[in-house]
Every structure is written in C-alpha cells, then in structure tokens.
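S.K.: Residue-level listing of the chains:
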Amino acid sequence: MTPVLELDGITKRFGALTANEDVSLSLGQGEILALLGENGAGKTTLMNILFGHYTADEGEVRVFGAPLPSGRPRAAIEAGVGMVHQHFTLAGNLTVLENITIGAEPLSRLMSATGPARRRLRELSDRFGLAVDPDARVGDLSVGERQRVEILKALYREAKILILDEPTAVLARPEAERLFQTLRGMTAEGLSLIFISHKLHEVMAASDRVVVLRRGRVAAERRTSETSAPELAELMVGRRVARPVREAQPPGAPVCIASAVTVTEGGRDLLDEADFTVHAGEILGIVGVAGNGQATLGRLLWGLTRPTRGRLALGTEDLGRMTPADCVAAGVGRIPEDRHAEGVVGEMTVWENATLERLSSPAFSRRGFVRRSAARAYAADLIRRFDIRGAEPDTRARLLSGGNMQKLILGRNLAQGPRLILANQPTRGLDEGAVAAVHAELLAARGAGAAVLLISEDLDEVLGLADRIQAIVKGRLSRPIPAEQADARRIGLMMAGAWDEPVPSSAGAS
Amino acid sequence: MRLERRPQPSLTMTVAAPFAAVLASLVLCAGLIALAGVNPLDAYAEMLRGAFGSRLSITETLARATPLILTGLAATVAFRARLWNIGGEGQFYVGALAAAWLGSEALAGLPPALGILGVMIAGMIAGALLLLVPAFLRVRFGVDEVVTTLLTNFIVMLFVGMMVEGPLKDPLAFGWPQSVPVANELMLPKLVERTRLHIGLLIALATAGLVWLMLARTVFGARARAAGLSAGAAEFAGVPLARTLLGVAVISGALAGLAGAIEVAGVKGYVTTDLSPGYGYSGIVVAMLAGLQPLGVAVAAVFVAVVFVGADAMSRALGAPTFIADVIVAVSLLTMLVALLFATYRVRK
Numbered sequence: 001m002t003p004v005l006e007l008d009g010i011t012k013r014f015g016a017l018t019a020n021e022d023v024s025l026s027l028g029q030g031e032i033l034a035l036l037g038e039n040g041a042g043k044t045t046l047m048n049i050l051f052g053h054y055t056a057d058e059g060e061v062r063v064f065g066a067p068l069p070s071g072r073p074r075a076a077i078e079a080g081v082g083m084v085h086q087h088f089t090l091a092g093n094l095t096v097l098e099n100i101t102i103g104a105e106p107l108s109r110l111m112s113a114t115g116p117a118r119r120r121l122r123e124l125s126d127r128f129g130l131a132v133d134p135d136a137r138v139g140d141l142s143v144g145e146r147q148r149v150e151i152l153k154a155l156y157r158e159a160k161i162l163i164l165d166e167p168t169a170v171l172a173r174p175e176a177e178r179l180f181q182t183l184r185g186m187t188a189e190g191l192s193l194i195f196i197s198h199k200l201h202e203v204m205a206a207s208d209r210v211v212v213l214r215r216g217r218v219a220a221e222r223r224t225s226e227t228s229a230p231e232l233a234e235l236m237v238g239r240r241v242a243r244p245v246r247e248a249q250p251p252g253a254p255v256c257i258a259s260a261v262t263v264t265e266g267g268r269d270l271l272d273e274a275d276f277t278v279h280a281g282e283i284l285g286i287v288g289v290a291g292n293g294q295a296t297l298g299r300l301l302w303g304l305t306r307p308t309r310g311r312l313a314l315g316t317e318d319l320g321r322m323t324p325a326d327c328v329a330a331g332v333g334r335i336p337e338d339r340h341a342e343g344v345v346g347e348m349t350v351w352e353n354a355t356l357e358r359l360s361s362p363a364f365s366r367r368g369f370v371r372r373s374a375a376r377a378y379a380a381d382l383i384r385r386f387d388i389r390g391a392e393p394d395t396r397a398r399l400l401s402g403g404n405m406q407k408l409i410l411g412r413n414l415a416q417g418p419r420l421i422l423a424n425q426p427t428r429g430l431d432e433g434a435v436a437a438v439h440a441e442l443l444a445a446r447g448a449g450a451a452v453l454l455i456s457e458d459l460d461e462v463l464g465l466a467d468r469i470q471a472i473v474k475g476r477l478s479r480p481i482p483a484e485q486a487d488a489r490r491i492g493l494m495m496a497g498a499w500d501e502p503v504p505s506s507a508g509a510s
Numbered sequence: 511m512r513l514e515r516r517p518q519p520s521l522t523m524t525v526a527a528p529f530a531a532v533l534a535s536l537v538l539c540a541g542l543i544a545l546a547g548v549n550p551l552d553a554y555a556e557m558l559r560g561a562f563g564s565r566l567s568i569t570e571t572l573a574r575a576t577p578l579i580l581t582g583l584a585a586t587v588a589f590r591a592r593l594w595n596i597g598g599e600g601q602f603y604v605g606a607l608a609a610a611w612l613g614s615e616a617l618a619g620l621p622p623a624l625g626i627l628g629v630m631i632a633g634m635i636a637g638a639l640l641l642l643v644p645a646f647l648r649v650r651f652g653v654d655e656v657v658t659t660l661l662t663n664f665i666v667m668l669f670v671g672m673m674v675e676g677p678l679k680d681p682l683a684f685g686w687p688q689s690v691p692v693a694n695e696l697m698l699p700k701l702v703e704r705t706r707l708h709i710g711l712l713i714a715l716a717t718a719g720l721v722w723l724m725l726a727r728t729v730f731g732a733r734a735r736a737a738g739l740s741a742g743a744a745e746f747a748g749v750p751l752a753r754t755l756l757g758v759a760v761i762s763g764a765l766a767g768l769a770g771a772i773e774v775a776g777v778k779g780y781v782t783t784d785l786s787p788g789y790g791y792s793g794i795v796v797a798m799l800a801g802l803q804p805l806g807v808a809v810a811a812v813f814v815a816v817v818f819v820g821a822d823a824m825s826r827a828l829g830a831p832t833f834i835a836d837v838i839v840a841v842s843l844l845t846m847l848v849a850l851l852f853a854t855y856r857v858r859k
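Residue numbers (the numbering used here), protein chains in the order written: chain A, 1 to 510; chain B, 511 to 859.
Only chain A is shown next, with the shape it has when bound in the complex (with noise of 0.2 Å):
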C-alpha cells in the first residue's frame, strides 16, 4: 500500500539553527502517527514545511505520490492537507458557520451560499461527533469547541490527511480523551492523521505509531503496542528522567486562609464561597478543566483582582487588599498562568526581567536610578542557580525557550525564600526535563516551609506534588481532601463536580 504521506530527507536551517536534518516519515492511509518530541526539537517547523508555511532547504514532500510544491499552503489544501494549529487561527467575531466557508469561497461570488454551507457543515460534524452550533460567535466558544471548528474547517476543505499541532495543549484531561475518540472515529472514515505531542500518555493512548523527533533528527520509530511510556520518554530526551518524588512532611502553621471568598463580575460569580488553608511546609493542589474560576483565583491572589465578599488573610495581612507590589513586598511569589503575557517582558533582557518586581527596592536602585550592576550580578546568580540555559543577564527575555523562562519567573521568586508561592498552571507546555526541573523547585520551596498554593489541569501533576488537593468547579471549591485518600478516579470525579456534600448529622443517632 502506497503512504498517503511521505517527507523525504527534510532539512531546514533558519541562519546557524538546524530546524530538522534529513527527516523522513511516511503516515498510512487511516493511520494515526504521533510526532514526538521536546519542545524546539523541530516538530512544528517540520510540519509547516508540509503544509507550506515554510520552504523546506532540501527534502520532498509527496502526498497520494505525488510531490508538493513547496511553499504553497493553498496547493497543500488541494491536495487534501488540513492542520490544525496549536494557537487556533480563528475570526473571534465572526460565526462558525462564517469562519469556516471564509476562504473556502471563490471571491468572484457576490453573496455567499448559506444554505448549501450550512448543510454540508451539518453532515460533516453529525458525521465526525464534532457537534457545534453554526450561527454561535466564535468568540463566546470555549477552547474544546473552537478546537472542534477548527478541525471541522479543515473537513470543510475535503482534507483526507489532517495535522494536529499539540492538539491538547489547552484542553482538560475529558475534553482531550473526547478528541481523541473523534480522531479515531475520523480514521475510520477514512482519514489519515498525524498529531505532534510531548505528553507521553495520549501518545500511548492514541497512536498506532510513533515518531521521535530529537533536534530535529529522527530519533527512532516504533509502533505504539511495541513500546511504552518510559522508553518514549528516554528516546524523546535522550537520557533518562523521572520526575521527582514528594516525600512526607508535617505542615507548619496556616499561612494563607480563604474564608468565603466571592468574585463577582459583571454579575458573575467567578469565584463562589471559596474556602482554603495552605498551611506553611505543605502543597496545595487546586485541581479543575479550563475555564471553573482558576483565572479569577490565580488574579485574586497576586493582587490583580479584589474580593467582592469575604476574606483572604496571608498570616495576620489581607491579601485581599494588596496590589502586585505589596504581593511582592510580603513575601509572596508568583508564577502567572501565561508566561509570555505575564511573567516575562519577552522584548527586555533577563536581567530587566529578573528585577522589574523589585526595581525599586534599595538592592537594585538607589534615589530612582537602576543599579545596573547589582541587576546584572543577581541576574547572573539566577542563571546559576536556578540552572538557565542559553541565557545571559543581557539576553532578551524573549529568546528564552518555555522551560528556561520559566526557570527565570521560579528563579527570581524563589531566590526571596517566599513565605508563600501561588503556581498558576507552573508546567503548562513545557517537556518533560523541564517539567521535572520546575516540580523540584517546588518540592525544594516546600521543604524550606513555604506554603505552595498550585492551580493545575494537569491531573498527574496534583497527584505527585500536593499534600492536598481541592477540586475547582464553575467557582466553586470542594473540600480538601488528603493526597493518601486521592487517585484519578476520584479526583476525575471532583473535577466533574461530583463530591461529598457535607451529610447533616441525624441528630440523636446515638
């Protein structure tokens, strides 16, 4: 049987960079083919060569046999490619029905055929279990159903060879084992995919084969029911890694306590009676899907956002009141949700980057003006410790990968022996070395009694770093329960909204 796919002998420099040397795959008709890799290990380079964003240096691609013209994204639609891109390229304001045929339309044609549209938009996601509402605005979707409109629209396009880049990267556990029972059905009619992924469990989960891409060489091949977890993972880092383990440890006093705490916005309630206690020397793990409040949690309690009713004490302070520098000033760290809009400013250096929080504090200025040194020698004693690679304290901030910004946000945190860390989804898209990294720093800050307060999607994550775990739900926080009493199923449970209410105590059972 003749590949549907076939990239031969890829190579792709940008300046002194080897994107990918000598890549060749090939996918099978009603194949799913896992691209492997860490993050800048050539995985989405080598996939817009094939779909046309970028002119391959040497190398083939032929799809049904026969070869593509490089550099024409249009010619990879007609010949039946369709990608999915990891930031979705969606018209926020305009309709599903409108995102969908734009593009898909000759310009010659005065008004656009609806109906004809609008039926076959129907058919193809009755067929594919990819149910969205035509007339809704993209705009108010959430990420799974922008995701579905998404592949829809490259359904739309006739695609027989679909490519997902990092399909999972923003949805919850449900929503991503939901994708990828449509990705199965899709191959049963007939359709051949390949989806890139660092995350080792829905590779195992969901592909017949894999590819492991290590920069940007082809580092081995394997048929999924031939190989497992531990040795995708050697293969895709090239050493062995294992994420480090939380040991037991008793808490220490309560350092920041909720009581009832309410956000309401736009006459929403964002955040519904929340309760908790992180205690110091203890992980608490605030577990939920995308999108249950943890945007408005993690804003609450860096200071960008105000208890409507209740109160949110750090020690004997209200955090309730405090603005991002006085977070700073009372010892707390902070690692955003986004790193790129919060945590760093990419166009500034690691040095700017590291002391922007505390520029004004006597160690970085005196009488307004920057101590450029000091910045300089803390920034390179950052780098150091907290181990920042391909960074000097003049580097811009932007050419950092994920991992090693995120170092930096831990680095210069931590460096203050915070009383208490708030982790806003602290590994989200990084691979699994630097995974590792950033969940040893936290364990590490725990042992020196910090108290850690960790929002996460990442079921895995909750599970081996907190002490324990909450689940958040439309607002709503659920009881703690202890780590010991957690496993995914229950967990799974909570995160659905599913947990024990408080049983009224029959009076005179006893």
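No lab work stands behind these hints, which were simulated from the structure alone. None of these values were measured; they are calculated from a predicted model.
Computed list of chain A residues with no C-beta within reach of chain B, every gap over 10 Å:
{"hint": "1", "residue": "D8"}
{"hint": "2", "residue": "D22"}
{"hint": "3", "residue": "P67"}
{"hint": "4", "residue": "F88"}
{"hint": "5", "residue": "R119"}
{"hint": "6", "residue": "R178"}
{"hint": "7", "residue": "H201"}
{"hint": "8", "residue": "D208"}
{"hint": "9", "residue": "R222"}
{"hint": "10", "residue": "A233"}
{"hint": "11", "residue": "P244"}
{"hint": "12", "residue": "A248"}
{"hint": "13", "residue": "G267"}
{"hint": "14", "residue": "A295"}
{"hint": "15", "residue": "R376"}
{"hint": "16", "residue": "A444"}
Short, incomplete list of chain A residues facing chain B, as computed with Cβ under 10 Å:
{"hint": "17", "residue": "W302"}
{"hint": "18", "residue": "V345"}
{"hint": "19", "residue": "T355"}
{"hint": "20", "residue": "L356"}
{"hint": "21", "residue": "V370"}
Where is the CB? At the ideal position from N, CA and C, for every residue including glycine.
For this one, chain A is given, so just place chain B on it according to the hints.
M.R.: Leaving out everything else, chain B in the frame of chain A:
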C-alpha cells in the same frame, strides 16, 4: 514569500534602517519633483545648498531643528510607553501661549535668568496639563488617546485663534492677529548674533540627554518601557500602570509644551496661528526615524529641518512648490515603517 522574525535585530540593520528610509523617500519623491517640471537632482542639490550652503543657512536649519528635537522627544517618551500622543501640535501651541501670556507681563519683572526659566516652566506645565486629560481618560475609561489627542489639536488651534484675536491680542500690532509679545529681556539669548539660532538648541540637546538617562537608567524609565512592551507582564510585576502612564503623559506633554515656549521666546517673540509649520506632527516622524531613541532624535530632527529649510530655498531657485517638503517628510515616515519591518523580519522564499 514569507516574513520571518529575526532572532535579534542586528545593530547594523537598526542603524542603517533610517538612512535607507530617507534614501528611499528621496527616490520616491524624485518622481513628484520631476512632475513639477524640475530635474530632481538639481532640486536636491539646491535643497542641500539651501540648508548648508552658508553660515546663515546652517543657523537657520539648526533653528528649525530645535523645536523638532523637543517634539520628537515628546513623541519618543510617549510611544515607548505605548501612549499614542498625536497631540504634540496642540501641546506645542498651549506651551507657546502660556509662555507669551506669562512672559509678557507677569514674569517680566524677574531677573532674566529666573524669568526665562519661568517662561519655559509655564510652557511645560501647559503642555503637560493638556495631555493629562486624554491620558486620564485612557487609563480610567479606556478612551482611545489617538483620537482624543488628535482632535484636541483642532480645539487648541481654534482656542489660539480666539486668544490672539481676543484676550491676548497685542494692542500695538496694528490689528494683526498676534499675541502680546514676550518681554525683550526674557527672550532667549542668541547663539549666533543676527541669526535666528538661539540657546534653545543647547537646551533641546541637553533635554535629549536627560530623556535618554530617564528611559535607560531610571526605575521610572524601566517601568514605562515595560508598560509599553507588555502591559500585562508589567502589571503582574507590580508596575503601577495608571500612575506610570500619567507620569509619561506629564513628561511627553511638557516636552512638547517646552518646544512651543522655546519657539516663542527664542525666535518669534509672540504667538500667531502659523507659529508652527506642523512641528508637533513632524515630531512623530522625527521620533520614528530615530527608532524611538532619544539621542537619535537630534539627528532625525536635523534631517527634517534640512528638508524644510532646503525646500524653501529650492522653491525660490527652481520654482517647484515648497510643499514637496511635507511630502518628503511624510513619505520618509512610511519608508521608515517599511525599513523597520525589514530590520525586524527577514524575507524567506
């Protein structure tokens, strides 16, 4: 053809960009000059002669560059913080008006050094106050400052017209619509006798140094830059966004107001509605050509001044219309934007 971001914009490209932009602009405008029936090479040669050909023309070019340095700095400070101050022209005029108003009588009795300082501070306060209003509307209600600052210019022009016809009209000016003059002893000393070049040039150059120091070396400057580069990350890091932007507005407005005060106290002595040939707007071009670098602003201001002064001379000698100067300056803004694109991105086929 696709654009790819360069990993780190190279220094050569950054420095070469404005020169390439200017060159491209001159080439593009050559066509227009030819349409006016003049040989473009002759026209450019005449412009250079007009701007640098004699001692007088050099002083005239530098005198023109003086307010442009200050309005260029005003745009630089604001744009670095992503505060889009398009109201430099209005701030220039209120600064000029405040200088003439206070400089004609209220400050006239003071010792000259103190009085001159007073005149300049008056201009700065007026400019700062004018920009504070749209800046406040932006930080408090999210009102787009591009629109408000731009429209404020027209209000200010009408206000200036009203003042020079009314309350501030000079009774000794034979009915011409001009303001009361700044007292003679408060006029800025000349740098070169019997020319229009005054010490305002030195003040402007020193100000460029101060603005550089502020942006590159102070806590406030770092916060302003952070706010401009990534408001979200700046806010997260505890930068007081509203306060920082208001501070930027005060400085930017004050710089444009200072330009107006210095132009009145340095060159003309009084305010008319044609005091500025668009110094506020040209300041935006100056700032962009300088790549928003305060020290580059001085160089870019001289370029724009050369075009303006040279075009006058060219027009007298060859008969091509003077407004070719406005076209060259405007086109150089466009070519600069294109040049910046190529300095930041590279083309891949």
